[in-house]
Each structure stands twice: as C-alpha cells, then as structure tokens.
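Participant: Line order of the protein sequences matches chains A and B.
For the first sequence, our numbering assigns the number 1 to the initial residue and increments by one for each residue that follows.
For the second sequence, our numbering assigns the number 1001 to the initial residue and increments by one for each residue that follows.
Note that these hints are calculated values from the structure, not bench results.
It is possible that some hints are incorrect.
Now the in silico label distances, taken between C-beta atoms and shown as ranges [what the hints assert, rightly or not]:
no.	chain 1	residue 1	chain 2	residue 2	range
1	B	L1083	A	I28	44 to 52 Å
2	B	C1329	A	M1	14 to 22 Å
3	A	H6	B	K1147	38 to 46 Å
4	B	I1170	A	G21	34 to 42 Å
5	B	V1101	A	L22	49 to 57 Å
6	B	L1074	A	H6	26 to 34 Å
7	A	M1	B	V1336	16 to 24 Å
8	A	M1	B	V1112	26 to 34 Å
9	B	L1095	A	G21	37 to 45 Å
Which residues of chain A face chain B? A few of them, derived with a C-beta cut under 7 Å, are [claimed, not checked]:
no.	residue
10	H6
11	M8
12	G10
13	V13
14	L15
15	S19
16	C20
17	L22
18	S23
19	Y27
20	F30
These numbers were taken from a predicted model, which means no experiment stands behind them.
Every residue gets a Cβ at the ideal spot worked out from N, C-alpha and C, and that includes glycine.
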Amino acid sequence: MRWFIHNMFGYWVFLLVISCGLSALTYIYFLQDLMK
Amino acid sequence: MFEFTVAGHVIPLFLLVLTGFTVGVVGGFIGVGGGYMVTPALIVFGFPGYMASGTDACHIAGKAVISSIRHRQLGNIDWTIALAMVGGTMLGVELGVRLLVYTKNIGLSGVVLLAASVAVMLGLFIYTQVETQRSHRKLEADRKAGKEIGREVKVSTIPLYFQRIPIMPIIKARKARLVISMWVIVIVGVLTGVLAGFLGVGGGFIRVPALVYVVGTTSHLAVGTDLVEIVVSSGYGALRQSMEGNVDFMAVFFMIIGAMLGAQFGSIATSFVRGPAIRYILSYSLILATVGAMMRLVYVLTGGTQEWLAFVAVVFTLGEMVFLCLFICSLVWFAVRHKHGRAVPEWVPPLVVTT
C-alpha cells in the first residue's frame, strides 16, 4: 500500500483503479439500460 | 423527475451535472476544453453523435468563459499573446477543416486519420512527460539543496531559439515577461489550429504545450491564455452547431451547473501547484485519451462483436474524467496538508506551493 502512495506511478495506478471501478459501477447501475 | 429526454433517450440528470463538474475541474486546471472526453461520454449516455458534438461545443464555450474569468483574476492571462494568437488560430482551424475534407475526398480512410491523431497525442505525451520528469527532479534537487524555488521550472531550451527570431514586429508580452516576434505567435496559432481543425478537436491539448515549449510562457499563463482562445473558437463552434440544430440546451444548462463549480475549483487549484504539476496532468490526459481512442478503434475494427471491448472502452472513457479530477483534487489536498506541516507522499513537496 505504501508503494501506491509514496511512488508517483503507484499513486497513478491506485487512482486509475478507483476511477475505473467507480465508472464501472456507474455504467452497470445507470447506463447499461440506456445503451440497449 | 430527475431524468429527462434527449433525442428519444432518457438521461439521468446527475450524470450531466457530474460530467460538467469533472471536466470543468480538468479544463480549468490544464486549459483544455475537454471535448475529447465529453463527446464520447455523451454518446455513452445515449446522445446521438451529432447532438453530443453540438451540445459539447456549447458547454465548452460556457465553461471556458467561467474559467477565463477566474484565471484573469489570478493573473494567468497575457492578452498580448492571446490577441496575437486568436486570428492565427481561427485561420488554422478553417485550413484544418478544409484539409480534412480534401483527404476524405481523395479516399483517405478514417483509420489513417485516427492513427494521425493517436500519433500526435502520443508524441506530445512523450515529450511533455520526459521534460516534466526532468523538471521534477531538478525541483527536488534544488529543494534538498535549500535553494529558493519559483512557481515554474522548465528544462526545455526550445523557446530560446524561437524568442531569438528577429522578424518584425517584435512584441513585448508583459505578463509573460518575454519579447518575441509576433509572427512566431501567429504561426503557432495557425499550426495548432490546423491540427485542431484536422483532428476535429478544440486544440487546447496542442496549444498549451505549444505556448510552454515554443513561445516560452509559464504553464499557468499557458493555461489561462489558452482558455481565452477556447472561448473564441468554441463560441464560434457553438453558434454554428446551434444553427444546425445540434444542441440540446437543457443538457447544456445542467452541464454548466456542474461546470460553474468545477471550472472555478480547477482554475483556483492552479494557484496551489507549480508548473510541472500542471504539465503532469496534461500529459496524463493525453495518454489516457490516446488509450481510450485506441480501445474504441479496436472495437470498431473487430466489427463490434466483442461486447467486453465495448464495456472496457466505456468504463475507460468515464474513468479517465474521474481519474484526472481526483488527481487534481488530491494535489490541492496534499498542498494544504504540506502547508500545515502534515505528512504527504514523498513526490508531492516539489510540485506544490506552500506560500
């Protein structure tokens, strides 16, 4: 966990995973029906 | 109650407000319009392509006005450079659009054009990332040596060559504190405008590096000055798109509600960081946009049969906006913590301002 905070690339990966996770949840709960 | 219909599709309102907010933060911070993120996102939300493009152009114009006002208050606009560049930019965009029409008429495929945009974004990403990492290391070395460090550090020497060009008229850009031939600025505007018109984008992600690495302004000034350009170019684009009936003004209204807060925050956030932090976020936005474009291209090339590819492309398109917004918010948070003497990640202190 320390590497994901104190290393800039690690922090980048950490935030990207969180962002894509939030987006995936948003897509599944709100957008999937819109795209059918 | 919290949804409304656009072109036959029901759209959740909060997504429009959230999109306006996140792209407002990013646009106000790195000086881009964000069309390359918002248009694909609106298509994901169910907007038809022509409506997504037109609605986005209107939203960008409004958001750029908000950001420009805030950047003017922060002293981040050089009006001499902005006015010298505007004419060149408009001419360049017109030339770029005509070049695009010409290449389509001679049968150049869309894949080739997409490859060109990927190549440009990738090239800008590599140069910006390498130069910013070297600047970051220089900042860290100066900080450890106890030297006083300014808000901007650049290691690129390219601007010095362009500033020495003696073609009259030579103008003094007072805010940017540089003396340069007006023709350099006009030609930068034309060339970035051609790229923007050809690739079908606003051009902020091309003009900001051009202002920093060719004209030689600071990153903060490049962001503010470029937003003035975006007000002009996207304002014209919004007018044309609304005349064609490609704009849903209710959607624009809700996106601007989000942008009102986001653009203000993104603009103010620039005062918490040094130049390399802005260039880092710009380079991340370039590589993420490139990866997102390549995912969509692969999905199209496989004939739209791989549903998992569509899902990944959609998640990445939305995730890119959230990522950049979260990174900027965390930089501000770390800057405030560092100012109060609290622990921050080791890479943060050279990038943030504590005074």
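Participant: All the hints need checking, so say for each whether the structure fits it.
Facilitator: Here is how each hint holds up against the structure:
1. B:L1083 <-> A:I28: 44 to 52 Å: Holds - the Cβ-Cβ distance for L1083 (chain B) and I28 (chain A), about 48 Å, lies within 44 to 52 Å.
2. B:C1329 <-> A:M1: 14 to 22 Å: Cβ of C1329 (chain B) to Cβ of M1 (chain A): about 20 Å, so the range 14 to 22 Å holds.
3. A:H6 <-> B:K1147: 38 to 46 Å: violated (24 Å)
4. B:I1170 <-> A:G21: 34 to 42 Å: Roughly 53 Å apart at Cβ, these two residues miss the hinted range, so it is violated.
5. B:V1101 <-> A:L22: 49 to 57 Å: violated (40 Å)
6. B:L1074 <-> A:H6: 26 to 34 Å: holds (31 Å)
7. A:M1 <-> B:V1336: 16 to 24 Å: holds (22 Å)
8. A:M1 <-> B:V1112: 26 to 34 Å: Given a distance of about 45 Å, which is not inside 26 to 34 Å, the answer is violated.
9. B:L1095 <-> A:G21: 37 to 45 Å: holds (43 Å)
10. H6: With a closest approach of 5 Å, the H6 (chain A) hint holds.
11. M8: holds (4 Å)
12. G10: violated (9 Å)
13. V13: violated (10 Å)
14. L15: The hint holds - L15 (chain A) has a Cβ within 7 Å of chain B, the shortest such distance being about 5 Å.
15. S19: This interface hint holds because 4 Å falls under the 7 Å limit.
16. C20: Given a least distance of 4 Å, the restraint on C20 (chain A) holds.
17. L22: holds (6 Å)
18. S23: Because about 4 Å separates S23 (chain A) from the closest Cβ in chain B, which is inside the 7 Å limit, the hint holds.
19. Y27: Where the cut-off is 7 Å and the nearest Cβ of chain B is about 6 Å from Y27 (chain A), the hint holds.
20. F30: With a closest approach of 6 Å, the F30 (chain A) hint holds.
In terms of the numbered hints stated before, the structure departs from hints 3, 4, 5, 8, 12, 13, listed from lowest to highest.
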